[in-house]
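A.B. asks: Read top to bottom, the protein sequences are chains V and D.
Adding 8 to a residue's 1-based position in the first sequence gives its number in the numbering used here.
Adding 124 to a residue's 1-based position in the second sequence gives its number in the numbering used here.
Accuracy of the hints is not assured; some may be wrong.
Said to hold, decoys possible - Computed beta-carbon distance windows for the label pairs:
hint	chain 1	residue 1	chain 2	residue 2	range
1	D	N609	V	K401	42 to 50 Å
2	V	E353	D	N609	35 to 43 Å
3	D	R165	V	G294	32 to 40 Å
4	V	F195	D	S382	22 to 30 Å
Stated by the list, open to error - Under the rule of at most 20 Å between Cα atoms (straight-line distance), these lysine to aspartate or glutamate pairs were calculated in the DMTMM-like manner:
hint	chain 1	residue 1	chain 2	residue 2
5	V	K401	D	E634
6	V	K310	V	E395
7	D	K583	V	D400
8	D	K545	V	E331
9	V	K310	V	E372
10	D	K650	V	D400
11	D	K583	V	E395
12	D	K646	V	E331
13	D	K545	V	E353
Derived from the structure by calculation, the hints contain no laboratory data.
In this text, a Cβ means the ideal position worked out from N, Cα and C, and glycines have one as well.
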Amino acid sequence: MLGRLFESLGTLTTVGVVWIMNCFFVDQLGEGIREMTVKQATNLKAICERDALVEAMSLVTGVVATRTPTPALQCVRITGQDSRLKLAATDAEVSLTLTIDRVDLQQDGDTLVPADKFSQIAKSCDDQTITIASDSESLLIRSSDSRFKVFGFPITESPEIPTFDHDDPDFTIDASQFCGLMERTVFAAASDHSRYAINGVLLDRTGKTLRLVATNGHRLALASGTCDGDKENQQCIVPTKAMVLLRRLLHDEGVVSVKVDNGRIVFHVDDGANNAATLSSNLVEGTFPPFEDVIPKDLDQKVTISTDALTRAVRRAHLMTNEESRGIRLVFDGDKLVITSRAPETGEAEIEVPIQGFSGERMEIGFNPVYIIDALKVVGVDEIVMELKRSDKPGLIKCGNNFTYVIMPVSLQ
Amino acid sequence: MTIRKLSPILINQIAAGEVVDRPASVVKELVENALDARSTRIEIQLEHGGKDLIRVSDNGCGIAAEELPLAVASHATSKITDEADLAAIASLGFRGEAIASVGSVSHLTITSRREEDESAMQIVVDGGDTSISKPIAASVGTTVEVRRLFYNTPARRKFLKSDGAETTRVRDVVQRLAASHHETGFTLKSADRTILAYTPSSATARLLDIFGGELSGEMIECSGETEGVRLWGLIGKPEVARPTSKYLRVHVNGRTISDSSMTHAIKEAYRGLIEPNRWPTAAIFIEMDPALVDVNVHPQKSEVRFRDRDIMWRLVNKSVSSTLSAENFVPLYNPKETYQHVATGSQQSFGTGMQSTFPVDQAREAVAGIDLTQPTPMPTILASDDVLQVHKCFLVTQDEQGLLIIDQHALHERVMFEELKARMAEGNLESQQLLVPESFPADSAWLDAIETQQALFTKLGIEISPSGPASISVYALPTLLVSRNVDGTEFICDLLDKLGSNNLPATEEEALSEILDMMSCKAAIKAGDQLTQHELRDLLQRRREIERSSNCPHGRPTTMRLSIEELEQRFGRR
């Protein structure tokens, strides 16, 4: 009985000592932490134009990782410097840095907060301006009627985000032109294909000719344009995610500077109005199919068709297809093209389209209608040329010299 | 009809049928002889798949001039002398039949020189007639030339396959022998083309040469020992398991054997790590006292009898399973998966991507806990009712009798199977050409399957053909697989494995059913696929249109019903 009492007394004493020691140490450590954070994250204060911030944040949230054990990869790093605000985020594969100058920077500083929350808060606010102010552990977001406090992460946990070396780009290209190149190719890329080189877009520069190529193994899109630069020829595969994000960054004005280095590609976008963005991405490793060999050069039938008429006809024929009978039949005969389709349980369709330039024997070929529509959506001209040879040979859709689209046929019975 | 004693030539021709049935078996016998002669370099040359010429040259110990005539006589061998030797065979050959058999059905020339001889001797056998040996200039070793195999047995010659297929069989034989003789260099040439070239190397390096370098990080070394028996081998991680047992090889004292108890021992060790219908990739080498194993079971010597089969079973099983349990098979971070994630990265999918894995098992368990009535045939779902997708795996809806729970994969598989069958009845499946053909390595079984099953491939909408002695190319795939984003290469490999194996049902209709089932299983939505309301309704709509929708093609139920009465009872309303 007595022994037991002593035992519990002993335990009590130990607990007490530990408690006292804890208090002591926490006090000491607490001072230390406060000092450190003050040095590393200086307190940012800025009044931002709401629309500019929302627009920038919607781009940034497109980058951050959705599922990751590293919370810092879900954060945006906000830096105030030289009277601008810089927003940077990465998912360790693709990184994006945006600067906005529609801001009144009252105090330079640096903070790391969850991108998603910050973006939602900014979006939900109706005022013209939003005030943000950071302290060592959180970001305060104020509008006329609201006050949010978002807990952040130590700035030391911020992942490294590549910067762009302005002096030495591999090449530069007009933003609107680059936009066009992407628009005409990125859609054709594969998604989660086992040969993952084709899940990206090939960027191929020969002298001042820049070509983008994308394929899913059944169709291939190639668009070419001109760029400025006198470096050696280059070829690399850019992940589709980076391309989609880049497309959203570009507007009609401005210039894109590109640099490929050490397995990464960096795009720097200058919109000419003091807003700059830098997007960088790991390149896709692997071999892209030999696209030049795949484009047939001996197609003797060159048929001119109205883009609009063909689009409408293919869409209508598409109504009578299903998963097991994907294909539509294109029958070229004299000055008309008859498109037919048949889904055994559903029914049939037949649509006529006028054509020019077809000669010789009547010819039949099967295609997946989706592949045709995809291309017609992006050609941007009133008339396209369809080049063909035989029903078991690939077909080509062309508009001018800068867009070539190969479609492999479907064998119908 | 009078009974006569057969002539020795006829006896040999009959015996030839057991030992020698195609160029590959000739190569096997000749290479085994070369290995028994302790050669360090063996060259095999073929013309027209070995039908016109098989030449095996080695740098082994050679045959003495005076023994050459004996070498081509039947039941003459240097490998055993008395009964005691037969009980403990240490060499690959021993029966003394092979050379005589080959000689009786071809033009056979043997040229041999021992190191101590001044010159080589040559002997020629033509359909069993031996001509006198004569001296000739040649380097040390033995060269055996077999020309016009089966020229005098046309029936047998007729059974040979195309040159390409025979070459591939020879290649398989040489690979098997090379696997267990890593210290010997092998070269296999057909006409001017080098098909195989293995330099003497370590056992591991040789196996990786044979299995393919891509497995280099996927194989684990394993070893074991018991009294008089030593085991060593490389076994594949569970991820590299295959649909057939072709990549599972067991060698005993340098001989590739087929023994069901050994393969069973290995497969058992993988229990729980791989799916029950897949086979591990592994090469096991057993070295044991020749007295403990009888190889004289069959002329081709691919079967053996162990004196104590249980000990062998336990040794193999224990060695493999202890190696496996020492490894940590938590799935590795797979860059392909993250890449897929990126590739689908349109803006909308960022949010939904998060839930791409989920505990299917938990969902199944949760449902398994409910005591359900038997699967009900053809309940009609009330068209206006909403459908709920539970854990992205089961669909819940109602019909006039109660609550229906549907397994989305099983149902979609069934629906697709029926639709495919209906389509096949009308004609060939629609096929989509590939921009660039997919090429991959193939073995003889696959090449045979392609040769014999072209009609079937056309029916399925697959365009496939050999593109070399050991590779095939696919030019077109069924549009169904393409639009369902199925990995075409993987499907073709599984299909070829199935066609190449012997367990395909006999009738064409059943075989076709099995293949369509495989196809619909691969193309069907999986547990874990999020479906939109539209897709859910569409799937249930199609369910009504097909027969036998209550079970998937494997016989598993697609639908279960919890009746209103049952519910009322459970809630104490009755």
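A.B. asks: Checking one constraint from the list: CA of K646(D) to CA of E331(V), max 20 Å. Satisfied?
C.D. replies: Holds - the C-alpha atoms of E331(V) and K646(D) are around 14 Å apart, at most 20 Å.
A.B. asks: Does the alpha-carbon distance linking K545(D) and E353(V) stay inside the 20 Å limit?
C.D. replies: holds, 13 Å
A.B. asks: Would the pair K650(D) and D400(V) pass a check requiring their Cα atoms to be no farther apart than 20 Å?
C.D. replies: Measuring from Cα to Cα gives roughly 34 Å; hence the hint is violated.
A.B. asks: Do the alpha carbons of K583(D) and E395(V) lie within 20 Å of each other, as the hint requires?
C.D. replies: Violated, at roughly 29 Å.
A.B. asks: Look at the Cβ atoms of R165(D) and G294(V) and judge whether their distance stays inside 32 to 40 Å.
C.D. replies: holds, 38 Å
A.B. asks: A range of 42 to 50 Å was offered for this pair. Does it hold for the Cβ distance of N609(D) and K401(V)?
C.D. replies: violated, 25 Å
A.B. asks: Holds or violated: K310(V) and E372(V), Cα atoms, limit 20 Å.
C.D. replies: At roughly 14 Å apart (the allowed maximum being 20 Å), E372(V) and K310(V) satisfy the hint.
A.B. asks: Holds or violated: K545(D) and E331(V), Cα atoms, limit 20 Å.
C.D. replies: holds, 14 Å
A.B. asks: For K583(D) and D400(V), compute the direct alpha-carbon distance and say whether it is at most 20 Å.
C.D. replies: Distance ~17 Å between K583(D) and D400(V) Cα, so the pair holds.
A.B. asks: Does 22 to 30 Å hold as the CB distance between F195(V) and S382(D), or does it fail?
C.D. replies: violated, 52 Å
A.B. asks: Holds or violated: K310(V) with E395(V), Cα cutoff 20 Å?
C.D. replies: holds, 5 Å
A.B. asks: Quick check on a hinted range of 35 to 43 Å for E353(V) and N609(D), using CB atoms only.
C.D. replies: violated, 23 Å
Hint violations for this structure: numbers 1, 2, 4, 5, 10 and 11, all remaining hints satisfied.
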